[in-house]
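Chains A and B are the protein sequences, given in the same order. The first sequence begins at 1 in our numbering and counts up one residue at a time. The second sequence begins at 1 in our numbering and counts up one residue at a time.
Bear in mind the hints are in silico, worked out from the structure with no lab data behind them. One should not assume that every hint holds.
[What the hints assert, rightly or not] From chain B, some residues computed to sit far from chain A (all C-beta separations above 10 Å):
no.	residue
1	Val27
2	Leu34
3	Glu225
[Claimed, not checked] If you want the footprint, here are the derived chain B segments under chain A, 3+ residues with CB under 8 Å:
no.	segment
4	64-75
5	134-142
[Stated by the list, open to error] Computed far set for chain B versus chain A, every beta-carbon distance over 12 Å:
no.	residue
6	Gly11
7	Leu32
8	Pro36
9	Thr37
10	Ala100
11	Arg131
12	Ala219
13	Phe243
14	Arg247
Computed from a prediction, not measured in an experiment: that's the story for all the values here. Glycine included, each C-beta is placed from N, C-alpha and C at the ideal position.
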Amino acid sequence: MKAARIFWTGFVLHFKNLSASPFMMTTAAIWPLVYATLAFLMFRATHQAPSLLYAALGAAVMGIWSTTATSAGGAIQQQRWWGILEILVAAPTRLILVLAPITVAIAAIGVYSIGSTLLWGRLLFGVPLHVSHPLLFAVSIPAAVLSIGLLGLLLASTFVLYRSASHLSQALEYPIWTITGMLIPLSLLPGWVGPIAWALAPTWGMRAVRRAAIGGDVGTPLLVCAALSVAYTILAALLLHHFERLARDRATLSLT
Amino acid sequence: MRTWFRIFFIGGVISFRALFSWIRPSVYIPTLLLGPTTQILFFAYLGRTAHLKSDSWFVVGNAVQSASLAALFGMGFAIDGERWTQTLSAVLATPANRAALFLGRALPVLVNAAVVASTGFVGGALLLGFRMPWSSVPTLALLVLLASFACTGLGMLVGAVGLRMRDVPIIANLTMAVLLIFCGVNVPLDKLPHWMHMTAEGLPVTHAIDAARRVAAGASLGSVETPALTELGLGAVYLLVGFMLLRLFELQGRRHGTLDRA
Chain A
1 MKAARIFWTG FVLHFKNLSA SPFMMTTAAI WPLVYATLAF LMFRATHQAP
51 SLLYAALGAA VMGIWSTTAT SAGGAIQQQR WWGILEILVA APTRLILVLA
101 PITVAIAAIG VYSIGSTLLW GRLLFGVPLH VSHPLLFAVS IPAAVLSIGL
151 LGLLLASTFV LYRSASHLSQ ALEYPIWTIT GMLIPLSLLP GWVGPIAWAL
201 APTWGMRAVR RAAIGGDVGT PLLVCAALSV AYTILAALLL HHFERLARDR
251 ATLSLT
Chain B
1 MRTWFRIFFI GGVISFRALF SWIRPSVYIP TLLLGPTTQI LFFAYLGRTA
51 HLKSDSWFVV GNAVQSASLA ALFGMGFAID GERWTQTLSA VLATPANRAA
101 LFLGRALPVL VNAAVVASTG FVGGALLLGF RMPWSSVPTL ALLVLLASFA
151 CTGLGMLVGA VGLRMRDVPI IANLTMAVLL IFCGVNVPLD KLPHWMHMTA
201 EGLPVTHAID AARRVAAGAS LGSVETPALT ELGLGAVYLL VGFMLLRLFE
251 LQGRRHGTLD RA
């Protein structure tokens, strides 16, 4: 119960904080419009492309990953720059409970991208906004956000010792967009990409959101999102514990 | 004249090395050297999804456009970075020739932009089987340099705006987005609405991409003379306007004491 309270308080605090950041809002609300526009223009130019709603939903979830890739990997570095990392590590609360709300809030900022992209598609390109299963659609968005945010937590934990973490994390933006079926069907990619994509939350988050909107089985991707969220949390906890001890031993915690 | 060149070359290089934290390999490689290739892969596969154009078409367009990544952010940070390190007032208080000062900062950015764009071609060749005649390589290199020059000119404009506004990364991001959508990088110009097509004519990269695609298909330098010269002209105009705005905002900043405040 205490852990849930810490998580929720941290999440609300960071969500509000990030919502006031012009950079994050540009990443969350404007960049997805760029990719949505490109996808609309490309798909509209031929008659063999998927539907524009398919493109709109893909671009929207791309926004969730964008904010995560841009900022979650560097979440620890950010605390280091603010000079509070040592205080956070020294606090009696487990570090994962401090870090998880940050990365999930970063992914949640991507929710703005869903609103802006769907509205943009409707107003400028006449994309129909018919959702097959509204209730499941409403459930699949937070499920996608949570699982992608926890993937961000895993990245942040991995990069705790790496000063250039945020840049490496940003470099993952396009690769994850490419291999998780956001705009490109997995069937078009080489076969070896499949197993990698299945281990990534954005694949299943995207599948859940798209199927809830367009039609299809939503239960399986939602369950996989939940399972991956648990797996990411366990892995992140192990990594954080290990790297935190290593950083303390080497006295490198606050070094930028 | 000797001082002018000293400030231009040595000042420019020192400023470049000092201001860019991504000059570290651990940052530079994933961000600037691998970035263009991942962008190319994404759009080439998106093109396959839409059945729009060949992989080579996307390789050339995105590789040339990726020069803007290094040029816009590079020039933006070359100015804004001084404010971050609180050296902007000191730099602008010097009697150094402003042309040498700012153009010196532009040269390493231009070279870096060309290097970044070149990695896109290498990535395209390795991962998507992009091929072109070896005889076309020198002409393509020239076109990449022209695109980098034009983008650096636009970057100078972004840097100048950064003297008046905070959040240079946002301005650079939005400018790059405009180039990505308008300049025929991923959508053929004739498939864009007329007003977007017309806007693209006045933007850097559009003409270089058009020329580069033709050269990659085997065309000679002579046959792409018009778009190449247009790209050069556009770059010169953006550089000049950017430099004039820098001077104007510098004078206004001095007058109102707002250089470090933006």
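Status of the hints after comparison with the structure:
no.: 1; hint: Val27; in the structure: violated, 4 Å
no.: 2; hint: Leu34; in the structure: violated, 6 Å
no.: 3; hint: Glu225; in the structure: holds, 29 Å
no.: 4; hint: 64-75; in the structure: violated (count 0)
no.: 5; hint: 134-142; in the structure: violated (count 0)
no.: 6; hint: Gly11; in the structure: holds, 27 Å
no.: 7; hint: Leu32; in the structure: violated, 9 Å
no.: 8; hint: Pro36; in the structure: violated, 10 Å
no.: 9; hint: Thr37; in the structure: violated, 9 Å
no.: 10; hint: Ala100; in the structure: holds, 31 Å
no.: 11; hint: Arg131; in the structure: holds, 20 Å
no.: 12; hint: Ala219; in the structure: holds, 24 Å
no.: 13; hint: Phe243; in the structure: holds, 27 Å
no.: 14; hint: Arg247; in the structure: holds, 27 Å
Consistency note: the structure conflicts with the earlier hints numbered 1, 2, 4, 5, 7, 8 and 9.
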